[in-house]
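Enquirer: If you read the sequence shown in numbering that gives the first Met the number 0, its first letter stands for residue 0, the second for the next number, and so on.
Bear in mind the hints are in silico, worked out from the structure with no lab data behind them. Everything numeric in this text was worked out from a predicted model, so none of it was measured. We treat Cβ as the ideally placed atom computed from N, Cα and C, and that holds for glycine. Do not rely on the hints blindly, as some may be mistaken.
[What the hints assert, rightly or not] Cross-link-like lysine-lysine pairs, in silico, BS3-like; alpha carbons within 30 Å at most:
| hint | residue 1 | residue 2 |
| --- | --- | --- |
| 1 | Lys153 | Lys71 |
| 2 | Lys91 | Lys153 |
| 3 | Lys23 | Lys91 |
| 4 | Lys95 | Lys71 |
| 5 | Lys91 | Lys123 |
| 6 | Lys32 | Lys95 |
| 7 | Lys71 | Lys23 |
| 8 | Lys153 | Lys123 |
| 9 | Lys91 | Lys71 |
| 10 | Lys95 | Lys23 |
| 11 | Lys95 | Lys143 |
| 12 | Lys153 | Lys143 |
| 13 | Lys143 | Lys23 |
| 14 | Lys71 | Lys143 |
| 15 | Lys71 | Lys32 |
| 16 | Lys95 | Lys153 |
| 17 | Lys153 | Lys32 |
[What the hints assert, rightly or not] Per label pair, the in silico range of CB-to-CB distance:
| hint | residue 1 | residue 2 | range |
| --- | --- | --- | --- |
| 18 | Ala142 | Glu88 | 27 to 35 Å |
| 19 | Gln33 | Asn76 | 28 to 36 Å |
| 20 | Glu15 | Val99 | 20 to 28 Å |
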Amino acid sequence: MLIPPAVTTNAEANAEVDYIVVQKADRVVSLWKQGRIIKTYPILAFGADPRGHKMREGDEKTPEGTYYIDGKHPSQNFQKFLNISYPNEVDKARAKQMGVPAGGNVGIHGDRGGISGFFQRMDKNWTDGCIAMRNADIEEIFAKVEVGTPIMIKP
């Protein structure tokens, strides 16, 4: 599978980001400012079972819905890590009703020392529910996104 380059539109590429949109079906992350896409990046991998919303810890799904970036830090294993506020109150209530743990520690991160390329060639998802990006792309996103930025994850 060939991974396309990130695409910059004519909007200011270094502008602050109002929100992030993840399109799981299209495998892209888009940064938005003032109602316009300022840049779109390809996604390397999702959770090993990416279809549908994350329901519980260990289901290897990437959550769907509206969250926010609630932390960002360098990562020894994944270059950079933008933590997503999963589980939200609805997710916690659903998991409680199901009698299962909701899980957590879901985010957007870089590739794991080249492992993404290996699995990408095999057309495999390999995270436990996170969104894996190329290291150069997560560096750019990390620099543009602040803690508190909303993120919408769509099927």
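Enquirer: For each hint, tell me whether it holds in the structure or not.
Expert: Do the hints match the structure? See the list:
no., hint, result
1, Lys153 x Lys71, "holds, 22 Å"
2, Lys91 x Lys153, "holds, 19 Å"
3, Lys23 x Lys91, "holds, 22 Å"
4, Lys95 x Lys71, "holds, 27 Å"
5, Lys91 x Lys123, "holds, 29 Å"
6, Lys32 x Lys95, "violated, 36 Å"
7, Lys71 x Lys23, "holds, 21 Å"
8, Lys153 x Lys123, "holds, 20 Å"
9, Lys91 x Lys71, "holds, 22 Å"
10, Lys95 x Lys23, "holds, 26 Å"
11, Lys95 x Lys143, "violated, 35 Å"
12, Lys153 x Lys143, "holds, 21 Å"
13, Lys143 x Lys23, "holds, 21 Å"
14, Lys71 x Lys143, "holds, 11 Å"
15, Lys71 x Lys32, "holds, 20 Å"
16, Lys95 x Lys153, "holds, 24 Å"
17, Lys153 x Lys32, "holds, 18 Å"
18, Ala142 x Glu88: 27 to 35 Å, "holds, 30 Å"
19, Gln33 x Asn76: 28 to 36 Å, "holds, 35 Å"
20, Glu15 x Val99: 20 to 28 Å, "violated, 38 Å"
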